[in-house]
Amino acid sequence: MDALFLARIQFAFTIGFHFLFPMMTLGTALVILISETLHLIKKDDVYRKITDLFARLLGLIFVVGAATGIVMEFSFGTNWSQYSRTVGDIFGPILAAEGVIAFFLESVFVGVLIFGRKKVSPKVYWVAALMVFVGGHLSAFWIIVANSWMQTPAGYEINAAGKVILTSFSSAVFNPSTLVRLSHTVLASWVTCAIMVSGIAAYYVRKGLHGETARTMLKIGIILFAVTPLLQLGAAHGHAIQVINTQPVKAAAMEGHFETTRGADIYVLGYVDVDNEKTYGISIPRGLSFLYNFDFNSEIKGLKDVSKENWPPVNLVFQSYHIMVGLGMIFIALGLLGAWLLWTGKIYTAKGFLFLLPFLIPLPHLAHETGWITAEVGRQPWIIYGLMKTAAGASVVVSAGELMFSMIMFTLIYLLLFVMFVMLFVKIVKKGPEPLAGKGVH
Amino acid sequence: MDNIQNFQVLWFVLIFVLLLGYALLDGFDLGLAALLPFLGKNQEEKNTLIASIGPVWDGNEVWLITGGGALFAAFPHAYATAFSGFYLAMMLVLLALIFRAVSMEFRANDPVRAGLWEKTLVAGSALAALLFGVALGNVVYGVPLDGRMEYAGSFFTLLRPVPLLFGITGMAAVLMQGACWAVMKSEGALQERSFRAALILMWVNAAAALIYFVVLANVFDRLLANALFYVAVLLTFAGLAILLVSVRRRNDAVPFCASSASFAGLFLAAGAAQFPNLITASNDPALSLTIYNSSTGLYTLQIMAVIALVGMPIVMGYTLFVYRLFKGKAKADDHY
Chain A
1 MDALFLARIQ
11 FAFTIGFHFL
21 FPMMTLGTAL
31 VILISETLHL
41 IKKDDVYRKI
51 TDLFARLLGL
61 IFVVGAATGI
71 VMEFSFGTNW
81 SQYSRTVGDI
91 FGPILAAEGV
101 IAFFLESVFV
111 GVLIFGRKKV
121 SPKVYWVAAL
131 MVFVGGHLSA
141 FWIIVANSWM
151 QTPAGYEINA
161 AGKVILTSFS
171 SAVFNPSTLV
181 RLSHTVLASW
191 VTCAIMVSGI
201 AAYYVRKGLH
211 GETARTMLKI
221 GIILFAVTPL
231 LQLGAAHGHA
241 IQVINTQPVK
251 AAAMEGHFET
261 TRGADIYVLG
271 YVDVDNEKTY
281 GISIPRGLSF
291 LYNFDFNSEI
301 KGLKDVSKEN
311 WPPVNLVFQS
321 YHIMVGLGMI
331 FIALGLLGAW
341 LLWTGKIYTA
351 KGFLFLLPFL
361 IPLPHLAHET
371 GWITAEVGRQ
381 PWIIYGLMKT
391 AAGASVVVSA
401 GELMFSMIMF
411 TLIYLLLFVM
421 FVMLFVKIVK
431 KGPEPLAGKG
441 VH
Chain B
1 MDNIQNFQVL
11 WFVLIFVLLL
21 GYALLDGFDL
31 GLAALLPFLG
41 KNQEEKNTLI
51 ASIGPVWDGN
61 EVWLITGGGA
71 LFAAFPHAYA
81 TAFSGFYLAM
91 MLVLLALIFR
101 AVSMEFRAND
111 PVRAGLWEKT
121 LVAGSALAAL
131 LFGVALGNVV
141 YGVPLDGRME
151 YAGSFFTLLR
161 PVPLLFGITG
171 MAAVLMQGAC
181 WAVMKSEGAL
191 QERSFRAALI
201 LMWVNAAAAL
211 IYFVVLANVF
221 DRLLANALFY
231 VAVLLTFAGL
241 AILLVSVRRR
251 NDAVPFCASS
261 ASFAGLFLAA
271 GAAQFPNLIT
281 ASNDPALSLT
291 IYNSSTGLYT
301 LQIMAVIALV
311 GMPIVMGYTL
321 FVYRLFKGKA
331 KADDHY
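Quick mapping for you: the protein sequence lines, in order, are chains A and B.
The opening residue of the first sequence carries number 1 in the working numbering; numbering runs sequentially from there.
The opening residue of the second sequence carries number 1 in the working numbering; numbering runs sequentially from there.
Bear in mind the hints are in silico, worked out from the structure with no lab data behind them.
Keep in mind that this is a model prediction, so the values were computed, not measured.
Be aware that a few hints might be false.
Taking lysine-lysine and the PhoX-like style, the derived pairs with C-alpha atoms no more than 25 Å apart in a straight line are [unchecked claim]:
(1) B:Lys-329 to A:Lys-118
(2) B:Lys-46 to A:Lys-427
(3) A:Lys-119 to B:Lys-327
(4) A:Lys-118 to B:Lys-331
(5) A:Lys-43 to A:Lys-219
(6) A:Lys-346 to A:Lys-219
Please put together the full structure from these sequences, using the hints given.
The structure is reproduced here in structure tokens:
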């Protein structure tokens, strides 16, 4: 196997694994901020117990995220050194800004959340929760800026030596896809944790554990579960339109759309036969054109507008995208069902629904992983869309043998981390929140 | 201030400061964790030691992440050459950093295998402490580079005597940082043991630093004409002398400050030897990566200077605030 192929696989694997954890961090930070704010306002210990449980989980999530995140920062230099040499002017400052403006804030205050309960006043503790929330989301902002610049580069020019020169920092940061991709990603994390909180609380309620704490947790979870997938529908729609506008080849791959047409169909399910340039499946006639700008006859660019060597792996992008969209629709439906059960007061006795919720916990991860595959594989063969090929970005001095070593190393370590993470996560959940003083052990 | 050379020099200094900050702060976490089996004689003592770094180590590691990001932003060629060239060594650094990070959390939540996670914590911390010095030693002492700015050596090129001397000297300094942090955060028998460890490590550091400075002065003859070199030597040995006196007097906090000063002296000497190079070419000085041929454009350096000079004082402010929240002696049951 050649070094380039191994480098791509290793990056896909390490970023795919890392991505699981920040996607839990942001939403968990939101849940902690909500419960700690309610704790401060209502002075009710129930919220404090909820915060403490999720602070323990955050400790575990954050540490695996940080440990696997440092691998990503190294990887641009270790595995993509030609890319780093070419885009240092833009990509470097974005990563450095992430450190100075965001990651310091999150990392310094996360220590207070995990270790500081007995040492600091409730107000300082709340400030720490706010700082972890703000720091985490700022971190997401800068990482999304970096990735969005690779999707829709802006604020640069190319000099005679072929290097990317920064001409406008603000245009590079607020490139055409930054904000819409940020909202889509942040909401994905919130959905992930809405379902995580609902699932954990549903398990407690169904088993009759932790009484009022579990019921309050379920209420917070279900409200978030009802709201966040709906907000995501809007953000996702905006993102899809941006992709059609700025990355038409990726958009065409997402729908298996070969010919530029007016009145393009949208597939609910399907299969793309790239060799024969045909897509089979269940489709809604003119659906894609309609969703693009509410005009059944709007023009959608097809893959054949560019030469085949510049197509991404079409079927993989198509399937990933459709799995993500399908899961999103399921989340909307189940979130609304949950809201209705909560509204009518039936949720605490809805055995079937409570039984189902814990099994949903892995599904948002599947959704955001397939979403990430859509975004990143859909960008191929480019490392910077339309500007630089992925193959041109790889390190030149790293051999296939060295990559084989690192690939095996990461596979073994990440397998261990994954097993330990799941085991300890389940253990912390089973141990549950601490009992409320004076209300007996439930 | 629109001369690009001013900003290239400024960024050399800023990255030096970030890496020094990393060395001093994460230095005590790594050093303390590496010394765990020697300082802590039972579970309670070990828990106390880990509790003393638990709330702060992750913030400390961000100094490295930011230093790496700053190197990427200011001198992408140096970042690209070193990280891809030292590939296997960098993978070992990652291995060490991953294990030291997750081991503390796993140890606390997984009592059945706590012994295993303690071993991975100790090994990961010790390995990281050693490798950083070896890496720094290589870029200062020099490695073979080709005309495309690419590394032309092998993994074993990195293990020459002078870089290994940097590694051992750096590790001795890191261990001393850890012992002095333990002195500051512990009481009773644990503190007494930490004092003794600090004293032994003071002598180890004195010997290592003496060899280090002599070797530096011989390898880089220009250093003898550089005032910073003498400041560095003075800082290190004054730090060690104060450490000796304060440990004898059983002072809590002074040893840590003295140890930090001593470590800073080692760093300053390396920086003075290195400037204006980033990666010295051992085969041909003309192939060296310097701050002048490896940097990004003026505009990028200016933007980054604004972000760093406004952002870092704020970072230091809230870092200090959080350290103050956790000031005083650590307790074994501080975790959750």
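Indices of hints not satisfied (ascending): Violated: none.
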